[in-house]
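Engineer: Given the coordinates of chain A, assemble chain B onto it according to the supplied hints.
So the sequences go chain by chain: A and B. The first sequence runs contiguously to residue 281 in the working numbering. The second sequence runs contiguously to residue 560 in the working numbering.
Treat the hints with care, as some may be off.
Claimed, not checked - DMTMM-like, lysine to aspartate or glutamate: derived pairs with alpha carbons at most 25 Å apart:
no. : chain 1 : residue 1 : chain 2 : residue 2
1   : B       : Lys550    : A       : Asp80
2   : B       : Lys550    : A       : Asp89
3   : A       : Lys254    : A       : Asp89
4   : B       : Lys550    : B       : Glu535
5   : B       : Lys439    : B       : Asp396
6   : B       : Lys550    : B       : Asp517
For the record, the hints were derived by calculation from the structure and aren't laboratory data. This one's a predicted model, so the numbers in the text were calculated from it and none came from an experiment.
Spelled out, the chains give:
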Amino acid sequence: MSAPRDDGSESIRMPAPTAWPMLLAAGICLGFAGLVTNAIVTVTGAGLAVIAARGWIREVLPVQHLEEVELRPAALRARDVLPSTARVDHLEVGRDGHRMRLPIEIHPWTAGLGGGLIGALVMALVAAAIGVATHGSPWYPINLLAATVMPSLSGAGTATLEAFDPTAFGLASVIHLLASLLVGALYGLILPLVPRHHVLVGGLVAPLFWTGLLWAVLGVLNPALNGRIEWPWFVLSQVAFGLAVGWFVSRREKIATLQDVPLAARAGIEAAGLGPGRDEA
Amino acid sequence: MAVLDRSLASSSPGEAVRLPVASRLHDWVVTADHKKLGLMYIASGLVFFLVAGVMASMMRIQLAFPQNDFLGPNTFNRLMTMHGTTMVFFVGMPMFFGFANYLVPLQIGARDLAFPRLNAFGFWMFLFGGLLLYFSAIGSEGLYGAGSTPDVGWFAYAPLTSRTFSRGNATDYWILGILLSSVGSTATAINLVTTVATMRCPGMTLRRMPLFVWILWVDAILVLFVLSPLTAAQVMLLFDRFLGAHFFDTQAGGSAVLWQHFFWFFGHPEVYVLILPAFAIASEVIPVFSRKPLFGYPIMVAATICIGMISMSVWVHHMFVVGLEPGANTFFAASTMAIAVPTGIKIFNWLGTMWGGRIRFRVPMLWCTAFLVEFVLAGLTGVILATVPIDWQLSDSYFVVAHFHFVLIGGLLFNIFAAIYYWFPKATGRMLDEGLGRKHFFWFVLGFNLTFLPMHVPGLLGMPRRIYTYMPGRGWDAWNLVVTAGVAVQAVGILFFLWNVISSLRGGEPAGDDPWDAWTLEWATTSPPPEYNFEEIPTVRSRRPLWDLKHPEDPDWRWE
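So here's chain B without its partners, still in its complex pose:
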């Protein structure tokens, strides 16, 4: 066995040995290191995020004015489909797996995930699945010839996906792209579940495990439960399209509603798959910047498990307008409202953590604080939509669009930004610039609220979602113009973010091992960490092992 010293290649900034570009590229392609794979997940997710953001901007330009002709209806449908699919499967999911990959082994004091090669396989399946989906823009034979990305929406309702209504193979690209990336997601989820179960360092009992790890563990288990039905449904759809099966063909005894059940049994828990990592990030950032231990750790763990379980019993609230029986509607309305309880517990516990703390409003904390505000608003409109008669009125309107963007941007994306600002120093050895970070924060939050708060109103006024244009004089015009203006303001924030990342990577302030005076194990190693993470596997006695070392006169293990 050769003795390598690749650790030097990833040592502290300024001390790194610069390898040739080809060697460095080769290192990344063949790596089984969880940190590199985590960064590759995050980088891929950010690239997909920028692409999806451009698509959203184009759609908003189209909708800024009534009867606008910036985009045609077919292009609009394709952009809408690709935006939704990309954001859910190729932004939200890789962000989860990226942060989990990078941080879980570090936080539990392990050297890597349980199956490093499977980890690499999972990443490449995810990436190749995404690339195949986007290859449809070149290779697909759509209804209007080559170069047709899928246009069936991210939900791909049957029978719209049948050969009759989806000619060509753009829909097949959608099925295959997601199917393949789901295989990768399943592999990574198995890896995470096994790692947390078996590779925790000495002393790290489940009661001493960081809440970040707890939440991602539950999340990985949830992925295993909910991705399988989607994968099964996609295989069934492939059978329908390629082999003439009739699973979803209503004219041959199949059921279009069956697809909706399959899809939403995945689709709604998927919201929690995406939002739980956001909760994990907030549970890490808020205590550190409040200078207090997390309030109510056991209850937070219980609430996480409750969310994971209840999330699998709410899917029919996406199907109230299908016309199900009252008993089903009542049950799923009640379960949807019930899931607000453990979520509310989390909100109160984060507030309880901040209460009385010496809060430092650095950029990560700004994002988490804004998240608390926006996510409560998102939750309130969620409870409104859980009420069946209101859902009948508002279903498929822009009110719903505004609601889930509050969830996924105000909830998920805000915390992803918090996580990037918080862990960027650990991953790169350099701090992100605080001033640029604040500009990013204020522009983006302003733009977000300018976009999605007014978006509720045209929804209430009856504007359907997914339409590519509308007639003037319905009371929607001014609201849509404001919404589009908000997108431009968000884009300014994103430019500050990109500038910050690039300039900080080149010449950011050196971070040191522990720039935030934090408490979990990743801050006990160098920034960036060596390939083996720790020279010696640590032993912990509490949930905050670094606190114990920093405050031997008042260690946490005395209280836990």
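This is chain A alone, in the form it adopts within the complex:
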């Protein structure tokens, strides 16, 4: 669109200023304004709109009315964009000083499950020992656990709870194993988030929280069972579980999270500086 002229200056063709669009708008608005004022306003507006539309059409047909606008003198034009002296500092995830999301390293998921199995074994031994010490029978705590899903046991007498019941043993074993695996997996996930004292947190703090939660809700969920639980011994078995899981999990080797890998690679997002560049566009 830029064309050199005889005197050496250059110009660009641009649409010529025009009053017709404004007049057409005024005509249309007056035309409608007559609905709320006076019919004369509508007639005036309609007339103005027709004239303006005609003027507009003649301005763009058959050839659009353009004007040549002279380019500014060189001194008044935009300055060239020059290379910057500022250093480009690419953000690199994982570089020293750059903040990382915790945990930087995590345990493999198998650590949690393995810890759950070890914890299940230790807890079962401790609970059985407590049963022998308090009721002369290792089956007492096992039957209590089964009573959570066996209504016949939740209302049974002490003698029944101290006797071996194969159904109760099977159910209690399944509940115990599943719960231990689940809690073990949670330990595996959560312990890396704790900055230090993994065994203490996993072996003491977490069991106390867990016991507190159970103590708060069991009275509502199963009052009969709640009345038979001896909470100090219960806490002791939970702590044994927690210590065993915490010890097992914290001994397993950690693996790094994927946060060292550029987000672009993980999420398919383009981001300058996080991937290899090209030499040519």
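Structural biologist: Chain B alone, transformed into the frame defined by chain A:
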């Protein structure tokens, strides 16, 4: 063809040729230049904003104390109607079209919009529509005689708008004013859609288009989809009022709910029509002041398109209290919550852009940072209101008023201020004063939070919206007083802003071509730009063409 040198009239400050006032006025009236039209849109929007702000202040004075008699009920209804109508149609919309007009051709390396004369027509239709609406204050024959502005609320629910309940022609002014300005909006939207589709400079593929342009493009398409039903409904309402039709006359087989469907099919997407330009501004300002490229550009584009599409499937959440069937309520509650997902993506991506950047908290960045905070709060109350039983409880209460003011002020207006501070140097050649800008920011943000955070509480306590007064002792008194005090604090901020604009226009620091060390094409030309924008149409190789020029050792095209 005459050879003109009007470019000199808009050259750098101090070097401009001063034309007589009449000539300059004539230049503006007959212009088809997208930049002048953009500035006219923005200036008109600011004038309407001040008028609407005065109306809001008057309403807040009335509500500051129980049983206050500063305003009567009829005046209150008129102010409420005109405030809402003005803010949506004559502040938010012209701000969108103003910034789009001014910046889209510059950012895509074009000389003008595709249809410059249609652009002028669109602006004048918008302006004359607004003037006609305000002419009702003089010319309308309302229920109480001449000088009655409309009083049916910005939503104008049927059958309140029927001849039976809206005597006189104040409601007709409301219909015609918006109808005519909508014609202008539609014309400008067509212009923007066509321009972006056909006039991008060489090298500017869709993947290299600035996100600002992307968002405004989607927004213009959205305008085309949602304005049409409103225009149709207004024509139907005109038929009802002038020709005795019964579209919305419930006693003659019409449906008042039909109006609500029409209106809100426009009304809710309109919120996104208004807020998307705010997103566009934030997407431009935050990267420049964080000194980092925008995080997640393709996902931001996808989120924008998702917002545009989902926004047209949420309108019934404005109608939960109508008593629709549970299936409809469930669908629209879910879709309303779903739109928070792409919006949330944007929030996270702006935070991701700021993360690790060398942030410069200049005034535009202050506004965008405050926007992030306030808009998250607005979004949270939005999700709360999307829950049908909660909406039943809170609908038409001041909780809703507080929510949408958080959206439209904390979201839209904050970013408009950011845009004015950011692009004022480009449009005028002069910087806005940083100190006054900070005073404006702190007073206004303080006043905004003092107004609209406490406003949630009387809403939760059951205060209905649109009431002109209330009885004492309901627990609303102190909250309303605090809310009104907040308006006064905001007004102080606005005074700093006006002082800043006027003093900077007269003697602000010269800006130069690129005062922010920015990256898009508008900063490659002079401030203000010449009529033809660029001596040569630029060629781009990346989303940040100026970065490529400034850093040839590390251009963006190597990574994109």
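Engineer: What are the numbers of the hints that this structure violates, sorted from low to high?
Structural biologist: 3 and 5
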